[in-house]
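Q: Protein chains in written order, with my numbering: chain A, 1 to 430; chain B, 1001 to 1102.
Hints are not guaranteed to be accurate.
Derived lysine-lysine pairs resembling DSSO-like cross-links, with alpha carbons at most 30 Å apart [what the hints assert, rightly or not]:
#1 A/411 <-> B/1048
#2 A/390 <-> B/1042
#3 B/1073 <-> A/216
Covered stretches of chain A (chain B as the covering partner; in silico rule of three or more C-beta atoms under 8 Å from a C-beta of chain B) [stated by the list, open to error]:
#4 132-146
#5 199-205
#6 284-290
#7 357-367
#8 403-417
Covered stretches of chain A, as calculated for chain B (at least 3 residues, CB under 8 Å) [to be verified]:
#9 155-161
#10 184-196
Because the hints were derived from the structure by calculation, they are not lab data. As the structure is a prediction and not an experimental result, all values here were calculated from the model. Cβ coordinates follow ideal geometry from the N, Cα and C atoms, glycine included.
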Amino acid sequence: MDNFKNKKDKAIRILSEPKDSKLITHLNSCVHCGLCAESCMYYLATNDEKYIPAKKVDIISSIYQRYCTFTGKYFPVLTGSKELDEETKDEMIDLLFGACTLCGRCTKHCSIGVDISYVVRTGRQMLSEMDMVPATLQSTVNAAVQTGNNMSIPTEEFTDTLAWLEDELKNEVNDPMAAIPLNVTNTNILYTLNPREPKFFPLSISAMAKVFYAAKESWTLSTIMYDVTNYAYFTSNNEEAIIIAQRLYDEMLNLNSNRCILAECGHGSRAFRWEAPNYLRKKFPFEVITAVELLAEYISSGRIKLDKELNKEVMTLHDPCNLVREGGVIEQQRYIMKNTVCNFVEMTPHGTENFCCGGGGGQLAMSEYNERRMKIAEIKAEQIRRTGAKVVVTPCHNCVDQLMQIDNKFKLGVKIKTLAEIVADAIILE
Amino acid sequence: MEVDGKEFKVDGDGFLQDPYIWNEEVAALFAKFDGIGELTEKHWAIVKFIRKNWEDTGMAPMIRSICQTTGVKLKDIYQLFPLGPARGACRIAGLPKPDGCV
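The shape of chain A in the complex, shown without the other chains (with noise of 0.2 Å):
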């Protein structure tokens, strides 16, 4: 019992002494109009009240205010206020780990604009100080910490596996010297990777390995650090996601490269270029933009040369939410399947106002949700269907293995595809 004391009272130091006047302000706002209910796939999948966004945002409050305010700490009773006991500290693995993907659909709908997901994520921190992590989270963002990538792959593995994929380029520009350059020094680009890139699903490397090589862009990979995820976004472990943020930092001053493109990755690319520099606590000496940006950037300055006509199947879109509602890339995806592909089809609804796929936030890490994933994932699955779309593209590698799910579970009879692939599927080379 002393244990758990010890851990509630590290829970509740993160209310008590916030590090400015932004949680007290979102933990005290909510007025319960209820607008947020329809923003929630949770909710929408299941029409079960407990998913409604204002009640996790309540637990979290509720807490704050008997552990925080003099009327809760006084007279409990009367300010609805609630013990951090074991039955609160499930209830809060279950709704704020187990039933939100921190998609920030609610908070971009929010009448009072409540950031909800903000105080979502401020309860898995408090979690996280109370080691209460679902293993199966925690154990992606163990490895990250203790081998350098999230999936552990040893470097020499992670070099052969490239040196494969450089064949292959050689092969299929027909050019001996075209390459996939390791740890090089001065370039233009650092380029990064989602591990389960090199790991399971290359083609996406091959991909841009052969726009690069289109664009005769001066880039590298490092094999020192090219993980572009960092999983304790999602566990809120602020020490751990400094840890990660710090390697990459490390790794471009240290290659010197003036631009840092982060592969397609959602969460990754809101880590690093948004939470990284607050992590870290400073302002960064170099350029840090997505892979879409960067695509977008080619075909318009016309360094790379295109025919739609290579992509002749009816293509949809599905917008990753840390990337789009929360992360402002918005137009330039929808600029690249322009110029890349003969017939796309937009999703209802689509941009910020999307639906997630039903996998981020963790969720596709933490097995013990896994029967409520796919249900949420039938909201998607509706949307894909009603698009006719033979193919599904998106700027997210997480997106991709649960829209591998859908279309699986829901018989979709769709391929999905990363943006960098129907890129590199059109591109005409000179």
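Guided by the hints, dock chain B onto chain A, whose structure is given.
A: Same frame as chain A, but now just chain B:
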């Protein structure tokens, strides 16, 4: 999880809870569950290699090793296992679920 009247203890993602109870019959039943149907020679070559690699090293092999050892072309692997090498092939080979975005 139940296939053909046989019960399997699996995690939330359908990976075997005890990887050591795996045998070829388990693989065939899991493949059936995934809608793959009868496993072909290529399927078996991949599944057996993944299994052996895991028994020897404790890890799922890289896709490069799978392609180079079995001679199956990369793009064909995704056709053979629609859920991909991790949730498809590794699961049929009785491995625990890998970490990361899979």
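Q: Could you check the structure against the hints above and give me the numbers of any it violates, in ascending order?
A: 6
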